[in-house]
Amino acid sequence: MSSMKVKAKEKDGIVEVKALIKHPMETGLRKDKKTGKPIPAHFVQQVVVEHGGKNRVTADWSGGVSKNPLLFVKFKGGAKGDMVKVAWTDNQGGTDSAEAEIK
Amino acid sequence: MQTDTKRRVFLKRSAASGAVAVAVGAGLLTPQMVLAEWNKAAFESKSVEDVAKNLMGLEGAAEESADINIKAPDIAENGAVVPITVDVSMDGVETIAIIAKENPSPLAAAFTMGEGGVPFGRTNIKMGKTSDVIAMVKTADKTYMAKKEVKVTIGGCGG
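These protein sequence lines are chains G and A, in that order. Mapping to our numbering: the first sequence position 79 is 83, numbers consecutive. Mapping to our numbering: the second sequence position 2 is 253, numbers consecutive.
It is possible that part of the hints are untrue.
Straight-line C-alpha distance at most 27 Å; calculated DSS-like pairs for lysine-lysine [said to hold, decoys possible]:
(1) G:Lys26 x A:Lys291
(2) G:Lys89 x G:Lys15
(3) G:Lys71 x A:Lys402
(4) G:Lys35 x A:Lys352
(5) G:Lys26 x G:Lys11
(6) A:Lys393 x G:Lys71
(7) G:Lys58 x G:Lys80
(8) A:Lys322 x G:Lys11
(9) A:Lys304 x G:Lys22
(10) A:Lys380 x G:Lys35
(11) A:Lys398 x G:Lys89
(12) A:Lys399 x G:Lys22
(13) G:Lys80 x A:Lys322
(14) G:Lys13 x A:Lys322
(15) G:Lys38 x A:Lys380
(16) G:Lys41 x A:Lys297
(17) A:Lys291 x G:Lys22
(18) A:Lys380 x G:Lys26
(19) A:Lys297 x G:Lys37
(20) G:Lys71 x A:Lys398
(21) A:Lys322 x G:Lys9
(22) G:Lys35 x A:Lys402
(23) A:Lys297 x G:Lys35
(24) G:Lys71 x G:Lys41
(25) G:Lys35 x A:Lys399
(26) A:Lys393 x G:Lys58
(27) A:Lys322 x G:Lys15
(28) A:Lys322 x G:Lys22
(29) G:Lys58 x G:Lys35
(30) A:Lys322 x G:Lys107
(31) A:Lys399 x G:Lys71
(32) G:Lys71 x A:Lys297
(33) A:Lys352 x G:Lys71
(34) G:Lys80 x A:Lys393
Derived list of chain A stretches under chain G, where covered just means 3 residues or more per stretch with a C-beta under 8 Å from a C-beta of chain G [what the hints assert, rightly or not]:
(35) 329-336
(36) 342-355
(37) 360-366
(38) 372-384
Treat the hints as calculated values from the structure; they're not laboratory data. Beta carbons: idealized from backbone N, C-alpha and C, even for Gly.
Chain G extracted, bound-state conformation (with noise of 0.2 Å):
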């Protein structure tokens, strides 16, 4: 089970990237309601869109992204049939990435 989908498609030569991350997101600032204790942040803190051995676009997140993070990004350079990777890496170690045709 991944954490995460990802969809890619190019259009007039741009190639539109989405990705949906499952992730608590969380702040490091919210306190359980029931013990009062802090929750521990917990956030994803780096995605990298990755194609043809090149990292197109970075995106650094703090835990003011939501829950369940949205990323679109696009980029010059890919073509339909190529493959797309999004890597994602969270303050706690935790890491995940998922592969899509560019469409």
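Please build the complex by placing chain A on the supplied structure of chain G, with the hints as guidance.
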């Protein structure tokens, strides 16, 4: 005892760097991925000025630009999910930052353009209260900004 501890730390460190070297060698990680570091100082900054300084190396204010288009709702009923799109019509854009001015840590996201990267970024952010959303854009020689106010009905940062 002390030597023992040091030796253990040394072994741990060399094992860790060995693993990274192997991953690079096997093509699992590109050198850029290893080098690109999350900017802790910028993300922990408490003011827009400090974000600009720590992320963009900017002293003072960024110049407002009409070439930065922010798409965000006028009113966000749920501050936990506020969709923000930044579309920039400039050449040589290196970084696009999305900043919610009134959030405890204003910097929410920073997009860095690699080879072929189009200066565009969308994500959803949390907003504690009504605030200006600032898009700050760094090009090779200058930093620009644009802002848009988003009214928040129910804040999205509390618990």
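A quick look at each hint next to the structure:
Between the alpha carbons of G:Lys26 and A:Lys291 the distance comes to roughly 23 Å, so the proposed pair stays at or under 27 Å and holds. Of the supplied pair hints, the one linking G:Lys89 and G:Lys15 holds, its CA atoms being roughly 18 Å apart against a limit of 27 Å. At roughly 20 Å between alpha-carbon atoms, G:Lys71 and A:Lys402 fall within 27 Å of each other, so this suggested pair holds. Note on G:Lys35 and A:Lys352: the hinted pairing holds, with a Cα-Cα distance of about 23 Å set against a maximum of 27 Å.
Only pairs whose Cα atoms come within 27 Å are accepted, and G:Lys26 paired with G:Lys11 is accepted, the gap being roughly 15 Å. For the suggested pair A:Lys393 and G:Lys71, the alpha carbons sit about 33 Å apart, so the restraint of at most 27 Å is broken. Proposed proximity of G:Lys58 and G:Lys80 is supported: the alpha carbons are some 11 Å apart, at most 27 Å. Taken as a hint, the A:Lys322 and G:Lys11 pair is honoured in the structure, with Cα atoms around 22 Å apart against an allowance of 27 Å.
Proposed proximity of A:Lys304 and G:Lys22 is contradicted: the alpha carbons are some 30 Å apart, above 27 Å. Note on A:Lys380 and G:Lys35: the hinted pairing holds, with a Cα-Cα distance of about 18 Å set against a maximum of 27 Å. For the hint linking A:Lys398 to G:Lys89, the alpha-carbon distance of about 32 Å lies beyond 27 Å, and the restraint is violated. In summary, the hint linking A:Lys399 to G:Lys22 is supported, as the alpha carbons are separated by about 24 Å, within the 27 Å threshold.
With a C-alpha separation of about 22 Å, the suggested pairing of G:Lys80 with A:Lys322 holds against the 27 Å cut-off. At most 27 Å may separate the alpha-carbon atoms for a hinted pair to count; G:Lys13 and A:Lys322 meet this at roughly 21 Å. For a cut-off of 27 Å, the pair hint linking G:Lys38 to A:Lys380 stands: about 25 Å separates their Cα positions. Proximity of G:Lys41 to A:Lys297 is assessed by CA-CA distance (about 23 Å); at most 27 Å being required, the pair is judged to hold.
Between A:Lys291 and G:Lys22 the CA atoms are separated by roughly 26 Å; this keeps the pair inside 27 Å, and the hint holds. Of the pairs offered as hints, the one joining A:Lys380 and G:Lys26 holds, with about 25 Å between alpha carbons and a cut-off of 27 Å not exceeded. The hinted pair formed by A:Lys297 and G:Lys37 meets the criterion: a straight-line CA distance of about 26 Å does not exceed 27 Å. As the CA atoms of G:Lys71 and A:Lys398 are separated by approximately 24 Å, the hinted pair is consistent with the 27 Å bound.
With a C-alpha separation of about 24 Å, the suggested pairing of A:Lys322 with G:Lys9 holds against the 27 Å cut-off. Restraint check for G:Lys35 and A:Lys402: the C-alpha separation of about 25 Å stays at or below 27 Å, so the hint holds. Proximity of A:Lys297 to G:Lys35 is assessed by CA-CA distance (about 20 Å); at most 27 Å being required, the pair is judged to hold. Between G:Lys71 and G:Lys41, the direct Cα distance comes to roughly 20 Å. Compliance with the 27 Å bound is thereby established for this hinted pair.
In summary, the hint linking G:Lys35 to A:Lys399 is not supported, as the alpha carbons are separated by about 30 Å, beyond the 27 Å threshold. Pair hint A:Lys393 plus G:Lys58 holds up; C-alpha atoms about 25 Å apart against a cutoff of 27 Å. For the given pair, A:Lys322 sits about 21 Å from G:Lys15 by alpha-carbon distance, which is consistent with the 27 Å threshold. Taking the CA atoms of A:Lys322 and G:Lys22, the gap is about 17 Å. The hint holds against a cut of 27 Å.
Annotation: proposed proximity of G:Lys58 to G:Lys35 is violated, straight-line Cα distance about 40 Å (limit 27 Å). Pair hint A:Lys322 plus G:Lys107 holds up; C-alpha atoms about 26 Å apart against a cutoff of 27 Å. A distance of roughly 23 Å separates the Cα atoms of A:Lys399 and G:Lys71; the hinted pair therefore holds under the 27 Å criterion. Of the pairs offered as hints, the one joining G:Lys71 and A:Lys297 holds, with about 22 Å between alpha carbons and a cut-off of 27 Å not exceeded.
For the suggested pair A:Lys352 and G:Lys71, the alpha carbons sit about 20 Å apart, so the restraint of at most 27 Å is met. Of the pairs offered as hints, the one joining G:Lys80 and A:Lys393 holds, with about 23 Å between alpha carbons and a cut-off of 27 Å not exceeded. With 5 residues having a beta carbon nearer than 8 Å to a beta carbon of chain G, the stretch 329-336 of chain A meets the requirement of three or more and the stated coverage holds. Figure legend: the stretch 342-355 of chain A, annotated as covered by chain G; annotation consistent (3 residues with Cβ-Cβ distances under 8 Å, at least 3 required).
Residues of the stretch 360-366 of chain A lying with their CB closer than 8 Å to a CB of chain G number 7, which satisfies the three-residue condition for coverage. Using a Cβ-Cβ cut-off of 8 Å, 6 residues of the stretch 372-384 of chain A lie near chain G, which meets the minimum of three, so the contact claim holds.
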